[in-house]
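A.B. asks: Sequence:
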Amino acid sequence: MPELPEVEITRRGIGPIVGLPITQVVVRNSRLRWPIPSYLAEALTGKSVRRILRRAKYLLFDVGEGWLIVHLGMSGSLRIVESQEPPRVHDHVDWVFGDVSLRLRDPRRFGAVLWTSGAVEKHALLARLGVEPLSDEFSGRVLYESSRRRSASVKQLLMDHKVVVGVGNIYANESLFRAGIHPGTPSGRITKRRYDRLASEVKLTMHAAIEAGGSSLRDFVHSDGSRGYFQQQYCVYGRSGLPCHSCGRLVKITRTGQRSTFYCPNCQH
DNA sequence: CCACGCTCCTGCGCGC
DNA sequence: TGCGCGCAGGAGCGTG
Numbered sequence: 140m141p142e143l144p145e146v147e148i149t150r151r152g153i154g155p156i157v158g159l160p161i162t163q164v165v166v167r168n169s170r171l172r173w174p175i176p177s178y179l180a181e182a183l184t185g186k187s188v189r190r191i192l193r194r195a196k197y198l199l200f201d202v203g204e205g206w207l208i209v210h211l212g213m214s215g216s217l218r219i220v221e222s223q224e225p226p227r228v229h230d231h232v233d234w235v236f237g238d239v240s241l242r243l244r245d246p247r248r249f250g251a252v253l254w255t256s257g258a259v260e261k262h263a264l265l266a267r268l269g270v271e272p273l274s275d276e277f278s279g280r281v282l283y284e285s286s287r288r289r290s291a292s293v294k295q296l297l298m299d300h301k302v303v304v305g306v307g308n309i310y311a312n313e314s315l316f317r318a319g320i321h322p323g324t325p326s327g328r329i330t331k332r333r334y335d336r337l338a339s340e341v342k343l344t345m346h347a348a349i350e351a352g353g354s355s356l357r358d359f360v361h362s363d364g365s366r367g368y369f370q371q372q373y374c375v376y377g378r379s380g381l382p383c384h385s386c387g388r389l390v391k392i393t394r395t396g397q398r399s400t401f402y403c404p405n406c407q408h
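Read in order, the letters of the first sequence are residues 140 to 408 in our numbering.
What the hints contain is simulated information worked out from the structure, not anything from laboratory work. Here a beta-carbon is modelled for each residue, glycine too, at the ideal position from N, C-alpha and C. Take these hints with a grain of salt, some might be off.
Here are the in silico distance ranges between beta carbons for each label pair [said to hold, decoys possible]: (1) Gly323 to Asp238: 51 to 57 Å; (2) Trp173 to Glu221: 27 to 33 Å; (3) Met213 to Ile392: 18 to 24 Å; (4) Arg332 to Ser177: 49 to 55 Å; (5) Ala266 to Ile392: 33 to 39 Å; (6) Asp238 to Thr393: 47 to 53 Å; (7) Ser399 to Asp238: 41 to 47 Å; (8) Pro325 to Gln397: 16 to 22 Å.
Listed next, the in silico DSS-like pairs over lysine-lysine satisfying Cα-Cα at most 30 Å (straight line) [said to hold, decoys possible]: (9) Lys261 to Lys342; (10) Lys186 to Lys261; (11) Lys301 to Lys391.
Please model the complete structure; the sequences and the hints are all you need to start from.
C.D. replies: Printed below as a string of structure tokens:
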């Protein structure tokens with residue numbers, strides 16, 4: 140499942156299509172989270188992508204007159220393929236650049252393909268997002284200040300995209316473990332100092348993932364894509380009932396909201 | 001403003 | 001070996 144590091148790796152991996160004119164747009168299935176706009180092909184054909192940006196987990200393709208917005212959802216991937224390679228099931232969209240195509244696969248169809256002709260940062264999906272976790276804007280201070288007078292747990296705060304974007308369930312679990320913070324702690328009761336540590340761990344975890352994935356960018360672009368997705372060694376995520384790597388106590392699982400929360404009862408307080 | 005629950009969808013793992 | 005069930009998850013959106 141693409142977390143922010145995978146989306147960033149994808150952004151870098153599909154860089155080779157920048158500057159190439161779009162010769163055709165093929166939509167085989169427009170029923171993603173929202174319907175793909177029917178005018179998308181008309182809006183894009185003949186244009187070229189000037190640059191590809193990322194905001195949160197959204198990929199933003201600048202084509203001059205507007206922006207293509209792509210979200211990979213839970214199961215989406217974007218790959219550069221040879222245009223004659225036959226599409227497989229769940230390959231919903233091709234952006235064709237002559238001999239090569241950018242191909243979107245998304246089995247669960249939680250992803251999105253949208254278009255905006257206005258300023259992309261004003262788009263309804265992007266306008267109210269919080270800070271980027273890898274930017275200097277994100278620090279313990281952001282978490283501390285947005286947590287005052289809040290009753291929600293620290294894990295829910297960390298996953299609130301109005302505060303900081305791109306921290307999904309896996310990175311929330313892992314960062315809290317690394318920071319030694321129990322995920323259920325009321326966010327309003329955590330000190331600034333502990334939030335500094337937490338923000339630092341979010342950055343470290345994400346940077347390490349990007350570096351691990353970035354090292355196989357060539358494979359990502361030229362193969363079936365699977366090798367570009369690094370296999371992260373998780374400390375707690377998905378490890379309920381297994382011994383903590385740090386202390387040996389068994390990792391526990393609970394539910395926070397609708398999501399699985401993993402933690403070490405000995406290392407996290 | 002805040003918190004929470006619902007929803008979309010398919011692949012996978014598990015139990016029998 | 002095969003079948004069917006339930007779970008997993010990103011994040012917008014509606015409700016209280």
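A.B. asks: Are the hints correct? Go through all of them and say.
C.D. replies: The hints, checked one at a time:
no.: 1; hint: Gly323 to Asp238: 51 to 57 Å; in the structure: holds (53 Å)
no.: 2; hint: Trp173 to Glu221: 27 to 33 Å; in the structure: holds (30 Å)
no.: 3; hint: Met213 to Ile392: 18 to 24 Å; in the structure: holds (20 Å)
no.: 4; hint: Arg332 to Ser177: 49 to 55 Å; in the structure: holds (53 Å)
no.: 5; hint: Ala266 to Ile392: 33 to 39 Å; in the structure: holds (35 Å)
no.: 6; hint: Asp238 to Thr393: 47 to 53 Å; in the structure: holds (51 Å)
no.: 7; hint: Ser399 to Asp238: 41 to 47 Å; in the structure: holds (43 Å)
no.: 8; hint: Pro325 to Gln397: 16 to 22 Å; in the structure: holds (19 Å)
no.: 9; hint: Lys261 to Lys342; in the structure: holds (26 Å)
no.: 10; hint: Lys186 to Lys261; in the structure: holds (22 Å)
no.: 11; hint: Lys301 to Lys391; in the structure: holds (28 Å)
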